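A.B. asks: Residue numbers (the working numbering), protein chains in the order written: chain U, 1 to 344; chain D, 1 to 397.
Since the hints were made in silico from the structure, they are not lab data. These numbers come from a predicted model, not from an experiment. One thing to keep in mind: the hints can contain errors.
[Claimed, not checked] Below, in silico cross-link-like pairs of lysine to any residue (SDA-like), each with a Cα-Cα straight-line distance of 25 Å or less:
#1 Lys278/D - Gly327/U
#2 Lys129/U - His109/U
#3 Lys129/U - Ala147/U
#4 Lys278/D - Asp86/U
[Unchecked claim] Which residues of chain D face chain U? A partial, calculated answer using Cβ under 8 Å:
#5 Phe160
#6 Trp251
#7 Thr272
#8 Gly273
#9 Gly275
#10 Gly300
In this text, a Cβ means the ideal position worked out from N, Cα and C, and glycines have one as well.
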Amino acid sequence: MKVDRRQTLRRLGGFMAGAPLMTQQPRQGAPAARLAPVGELVNVPEFEAMAELVLSPDRFTTISGGHRGSFDRMTLRQRLMVYAMDLDLTTQLFGYDMFAPILVGPVGHQRELHADGELATARGASAAKTVMVASRQSSYPIDQIVADSSAPVWYQVYAEGDIGATRDDVAQAVDAGCSVLCVTVGVSSLQTPVRTDWRAVEQLGQAAGVPVVVKGIMSPNDAETALQHGAEGVVVSSHGGLVTGDGALPIDVLPAVADAVNGRVPVLVDGSFRRGTDILKGLALGATAVMLGRPPMWGLAAYGASGVQTVLELLQTDLARNMAMTGRPTIDMIDRELVRIDSR
Amino acid sequence: MGSIEQQWRRGFSRRQALCGLASFLAASPLLHAQRDPYPLGPHRRVLGFDEMRTAFDFEPVFHDNVPLAIYDYTAHGTDSEFTLYRNRDAFDWVELVGGGGVTPAEVDTSTELFGVRMDSPIMLAPTARQRDLHPDGELGMHRAATSAAMTMIVSNVSSFPFPQIAEAADGPLWFQRYATRDLEGNRQVLDMAQDAGCQTVVVTIDQQASYYERDLHDRNLGGAPRRARRRTPQNPPNPYRVGAGRLWYEWTLFDDLRPMIEVPMLAKGILTGEGARKCLEHGVDGIIVSNHGGRSLDYGPSTLEVLEEVVEAVSGRVPVLIDSGFRRGADVLKALALGAVAVCLGRASRWGLGAFGEPGARKVIEIINTELVHAMAAVGRTTIAAIDRSIVRTSFP
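Same shape as in the complex, but just chain D (with noise of 0.2 Å):
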């Protein structure tokens, strides 16, 4: 052969060019490294276990492991998404300063919540259906988290009961709760729970009329036509077209709750300063400042940017928890210093599991530990109880 034959053996095709150039841009890591990275085309090659970086990394893996309706169920914000997306802009809006001197093997990040003490203050958010995810399901999700010694929040919506996600490992778990209206029909899930050793209940009160768009979006990606799937509720109270759900919530709920619970009670979906005071004005034992991941008001804020405003009403009588967007340690140190006791995450042990099951579940939840580990060193603190407010530069819009 000549050496015009040889090259073009050897050589650079024109359609390899093109493959190469669309694989390289549906994975790379995207220009906003801190943002979710969707959407997301179809990958040459998914990356492996022990390439795992950032909890970032496993998105596209749980992304490309499931029917696109299940990665939606986890990805989806309410509506156009604006407070999904404002969640990690938020993070740009604190800036982590000062420190320095300490190493990483010198922090201590174990911390104690409600008498219990933590390995770390990040904890397992309770999030629907994890069989959907993986086989291993809660069940790998609970030794996961009991083998990175974290506490999970069960879901209400658990794809295993509970007993059965608390024989999966000794780790503590807390229980998370929809109240029905039927008030009786509340009592035997949270005996259920109570009985098999739940350490708090958690009672979610946001999300009461939220719409997911990207799921009604979702089509056979084998080329069947879109189905109409605009749904509208049956029988709603109102002439607006907007289904019951849970649009009956009062404050009262809380006062009516209190008698079934024996241990503490929390509230998940406080945003402001005045919501937090009417906690504990009903009895409520600790706060969990939440928008539900951006799934429960558009154009809500950040949880990170109503933090402070949360913790002043609440001035340390109870304790508050925090979720929303948070992927990284530096995200969690964050809140840590704007006053937050622990860190929920939701969507990031999401990923994990979803793409690599319970083991992923377990490195996700050790990277962004390790991330914290690393910058509580980088800003000269040794322990959770010495992180204070010194330790950020806030710029909220």
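Isolated chain U (complex conformation) (with noise of 0.2 Å):
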């Protein structure tokens, strides 16, 4: 029997139409065929999608992705008709009146995004009243950084290498003034899995002179270490998708590390957070606040400062009208009833 060109043509459309490939997804965002104006984009998503049209495949991969599958595990429950027309998302850290609980997380060399980089970063958050975490390997100097924000930065480094170098760099954030030191451990900054040298992240704290929060946190142990060690605050975080070996994600772990700090200090929470309502998630399961890795720097590639800007007050936004919806309406409302986790 011969197969020619048409009966090949039909099997392939019968073959499409049942494959599992065709399953209906909702309709997500515009077609990324042009940049659209930064006013037209409606939720934090679409910044993704933006950023992949201005960077180069490789470049945009370094920043893409997520992992939503724990989120969508995750129902709310409602408290119904409670007033709500005084929305209030203030929230102290470290002293500081947070205007939202949501914090721009540290990622380095900005300026392979966007030519203005960590500056047009630090107008953004700063214009979104929203804290930023500098990196220690910022395109821009720390100073500079810190010139052209309005709201607190906080300054990351990695507790590995030259301790020393790390050490002075850190002085010279603090005196610039960055208001927290963040530790990161457990990974390298070339993104490489590390044994935490906890004699390091000791000793830069204490040189530091600001509070020191550990990042990188994915158990109760780690986070009851990190307290041994000086910290004044934890980040439950796998680095942006460097999952530990179970395949838990920073929110699956939250409840038990919050738990096992038990308000001592607070307990911040990165890892796929795209929506208000995995904001929601996250303080209801125990942190204090989000910190953001991906979304800003969609916002940063696609459109620099306004884009950073726009991306957190979606969030804001997104957040606030969820807290309204859920009988939240102030931060300490939230109460881990509002999260109802599948059984599976």
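Taking the hints as your guide, dock the two standalone chains into a single complex.
C.D. replies: Structural data, given as structure tokens:
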């Protein structure tokens, strides 16, 4: 029997109609055919598509993706008919009144994403009244970043390599005005897993003279160790998807870490937070605030400072709306009862 | 002509094959047959009235009849639409079991609610501005409901005034209301509806600050560039750009409305046992378990998975109704087995009206009611009263 092109097309048609790949997906965002004006984007995931338009594939890969599965297993239990005209998202962190419990997380080499790099991020974050964590691997000097910020800037380093040099940079950052030191553990600046040198963490903290938060905590034990070595805050984080062996994500281990810390220090969290409901879940499961890695970088790459600002403001509004609808109009009303986790 | 030319004339070209493939895919009944078939592509052929077999068949016809913005208003859920889809997924978590030995002819779907006999436990949910879907609007919907002997709940934001809808047919009407903060403003509207004969008043309490991304994405299909449409509210009462809307709602609202309502007062939008108990404390006579068809809170639960919790909290003191995601008779039966006394259809009725006007609305209701009859026969129940928990097995996550 001969197979001709016509038959092949017919069979291909039949095959595609039955293929599981054709499962319907809700329409998400504009077709990424052109860079839409920033005012047209209606949610954070759309910024990812815009970033893809302006970045080379190599660079885009470094800030693309995320893991949504855990958030999709968590539903929200509303408390109805709670007066919410006085929505208030402010929360205290290291003596600073945050406008909303959202921070811009540390990302290095931001000039690879946008010519203004960290300076644009600083301006965008400040415009959205948001704390920014500047990486030691920034493309711009820390004093310039701080100079462009009207909101607090934290400084982030890795607990690895030449501790003396790192300590000098920390001192310079604190001189420039950085108010908190964030020490990343468990991973190197090249994003490869390393064994944590807790002595280095302790030394950096002691030399800094500002509060130290340890980022990269993925278990209650890690948190306990961090506290023993002088941490005044922890960030539950798997470094943007460098997941632990059993596949747990930060949001999954957050409740256990928060229980272990038991209010002694603030617990922050990052990892695939893309919507206001995600942030609400993080807060309900014990976080004081949520750190964003990729989303502000999508805004930065596509639009510079205004992109960063818009991403942050969209999430602030999104969080506020969902706090209102779940009957938790202030941060201290957000409790663990708000989240129900599917058992499978 | 030689045989090659004949083959060219009669044969099947690559172009035709691709066209056929594209149209087949666009119109294919979707692998997730239980989900709303969206997004929809352009159709080669719109199905006719006599070809409608399930409620889902009406949606593509409706889609092709109206501008995208009108379609989207019916189709959308809030934010990521997680809850919109979870509403449908929930029916896969409930299985119908057992029964048999009954023929559809023996089944009687009639029931009673607030002392009124109804031919079916299926009702029409309150949905807005039905003239956008079809010139018949609420008038056609009421006539369709009447001819199927079903109760229609008329929305607060109907295209026709309530008295005019009431005059269009004889069937029972309920009236749904979003309270305004100026309480006296509610009195006038409630008087108007009660004077025109509404049998109950349904007070909707959800959807305080929802956000419809699909609406914001609408763009002119004629090729004009997309407009900037992200809206920011005027004078929000907070620095977080959340409009005032219904953020002022409190439980005392029911106490304030109660004296204005002489008929039974229902609360729509309850999703927890705690919420149901609060309703009873504030004089509510009936509860509609609803997440507004996935249009209120994103990442809220499906209504089916919380129904039993609400039913237990109410423990028979007032009727519990349900809506959000019902498309088939078997869906209705599952909710009845889990304790609901009636099920409201929102989107399904809009698809019917939008596809074929009044006859379409009637047909979609009849299809779902016939499916209910068949499903009841399949589990061996001849009356609504005989439907109990034993006909379902649940595996909610």
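A.B. asks: Hint by hint, note whether the structure agrees.
C.D. replies: Now the hints, each set against the structure:
1. Proximity of lysine 278/D to glycine 327/U is assessed by CA-CA distance (about 14 Å); at most 25 Å being required, the pair is judged to hold.
2. As the CA atoms of lysine 129/U and histidine 109/U are separated by approximately 23 Å, the hinted pair is consistent with the 25 Å bound.
3. The hinted pair formed by lysine 129/U and alanine 147/U meets the criterion: a straight-line CA distance of about 15 Å does not exceed 25 Å.
4. Restraint check: the Cα-Cα separation between lysine 278/D and aspartate 86/U comes to about 22 Å, which is no more than 25 Å; the hinted pair holds.
5. The beta carbon of phenylalanine 160/D comes no nearer than 30 Å to any beta carbon in chain U, farther than 8 Å, and the hint placing it at the interface is violated.
6. Nearest Cβ of chain U to the Cβ of tryptophan 251/D: about 5 Å, under the 8 Å cut. The hint holds.
7. A least Cβ separation of about 6 Å between threonine 272/D and chain U falls short of the 8 Å threshold, and the interface hint therefore holds.
8. A cut of 8 Å between beta carbons decides the hint on glycine 273/D: the least distance to chain U is about 10 Å, and the hint is violated.
9. The criterion of a C-beta within 8 Å of any C-beta in chain U is met by glycine 275/D, whose closest approach is roughly 5 Å, and the hint holds.
10. Below 8 Å, beta-carbon pairs count as interface contacts, and glycine 300/D has one with chain U at about 6 Å; its hint therefore holds.
Hint compliance for this structure: hints 5 and 8 are not met, and every other hint is.
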